[in-house]
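Asks: From first to last, the protein sequence lines are chains A and B.
Oh and the first sequence: position 85 is 100 in the working numbering, straight run, nothing missing.
Oh and the second sequence: position 72 is 79 in the working numbering, straight run, nothing missing.
No wet-lab data here; the hints were simulated from the structure.
Hints should not be assumed to be uniformly reliable.
Claimed, not checked - Derived BS3-like pairs: lysine-lysine, alpha-carbon spacing no greater than 27 Å straight-line:
| # | chain 1 | residue 1 | chain 2 | residue 2 |
| --- | --- | --- | --- | --- |
| 1 | B | 9 | A | 73 |
| 2 | A | 65 | B | 74 |
| 3 | B | 74 | A | 73 |
Computed from a predicted model, the values in this text were never measured in an experiment.
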Amino acid sequence: MGRSAKVTSIDAVRAFAAALRRFQEDAAAALDGTNLATQRALEWIRHDRKDYWALQVKRGYEQLSEAKVNLQRCLTFGRVGDHRPSCIEEKRALERAKRRLNLAQEKVETVRHWAGTADRAAIEYQGNINQLAGWLEADLPRALASLERIADALESYVAVEPSVEKTPELPGTNNENMGLDHRCGET
Amino acid sequence: MKTWDLTTGAAKLKEAVDSLNLAWTEASAHWDDETQRAFQKNHLEQFQPRVQRALDAVHRIAQVFDKAQRECDDT
Chain A
16 MGRSAKVTSI DAVRAFAAAL RRFQEDAAAA LDGTNLATQR ALEWIRHDRK DYWALQVKRG
76 YEQLSEAKVN LQRCLTFGRV GDHRPSCIEE KRALERAKRR LNLAQEKVET VRHWAGTADR
136 AAIEYQGNIN QLAGWLEADL PRALASLERI ADALESYVAV EPSVEKTPEL PGTNNENMGL
196 DHRCGET
Chain B
8 MKTWDLTTGA AKLKEAVDSL NLAWTEASAH WDDETQRAFQ KNHLEQFQPR VQRALDAVHR
68 IAQVFDKAQR ECDDT
C-alpha cells in the first residue's frame with residue numbers, strides 16, 4: 016500500500032471523529048427533548064389532571080345540589096290542584112349532575128392510579144436514559160481522544176522518512192495500536 | 008390537551024445513530040485494520056445496546072403516557 020493510502024486512512028479517522036462529535040451533540044439534544052417531554056407529561060398527570068378533576072368534583076357537588084333544589088322547586092311550585100308536575104327536565108338535569116359527579120370522582124382515582132404508574136415508568140425510563148447519557152458524557156470523550164491519538168500517531172509516522180519501518184508507538188490501550196504496521200509500514 | 012412530544016426526540020436519536028453508523032461504514036472503507044477493529048470493539052459496540060435500550064424506554068413510557076392521557080382526559 017502506498018503513502019497516499021496512509022493519508023486516506025488518517026482522513027477517515029479524522030472524518031469519523033467529526034461524525035462522533037456531531038453524534039454527541041445530536042444525541043444529547045435528542046435526550047434533552049425526551050427528558051423535557053417526560054417531565055411535561057408527568058406534570059400534566061400529577062398536577063394538571065389532579066387539580067382539574069378535584070375541581071370537577073367540587074363543581075359536581077354544586078351542580079348536584081342545584082339540580083336537587085330545582086327539582087324540589089318544580090315539584091312544590093309546579094303543582095296545580097291535584098296535578099303533580101312531571102318536572103322531566105329537572106329530573107334529567109339531576110341525573111346528569113349525578114353522572115357527572117360520579118365520573119369526576121372516578122377520574123380522581125384514575126389520575127391517582129396513573130400518577131403512580133407514570134412515576135414508576137419514569138424511574139425505569141430514566142435508568143435506561145442515564146446509561147446512554149453516561150456513555151455520551153464519559154465514554155464518548157474517551158473514544159474521541161483515542162481517535163485523536165490514532166490520527167496523530169499516523170500523521171507522525173507518515174511524516175518520517177519512507178525508509179523507517181518501525182511500527183508507530185500509539186498511546187492508549189486495548190490493542191488500538193495494533194495493525195498500524197500494516198498501514199504505515201509500507202513505503 | 009397534550010403538551011409533550013416524545014416521538015420527535017426518539018426520531019432525532021435514531022437519526023443521529025443512523026448517521027453515525029453511516030459515518031463508521033464510510034470510515035471503515037478507508038480504515039480497515041486491527042486498530043479500527045479494536046476501536047469498534049472497545050467503543051462503538053459498547054454504546055449500541057445503550058441506544059437501543061434508551062429507544063425502547065422512550066417507546067414504553069410514551070405508551071404509558073398515551074394511555075394515561077386517554078384515561079385522564081375529560082371526554
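Asks: Now tell me, hint by hint, if it's right for this structure.
Replies: Status of each hint after checking the structure:
1. B:9 - A:73: 24 Å, holds
2. A:65 - B:74: Satisfied, since the Cα-Cα distance of roughly 16 Å is no more than 27 Å.
3. B:74 - A:73: Since the Cα atoms of residue 74 (chain B) and residue 73 (chain A) sit roughly 25 Å apart, the hinted pair holds (cutoff 27 Å).
Every hint, counting from the list given before, is met by this structure.
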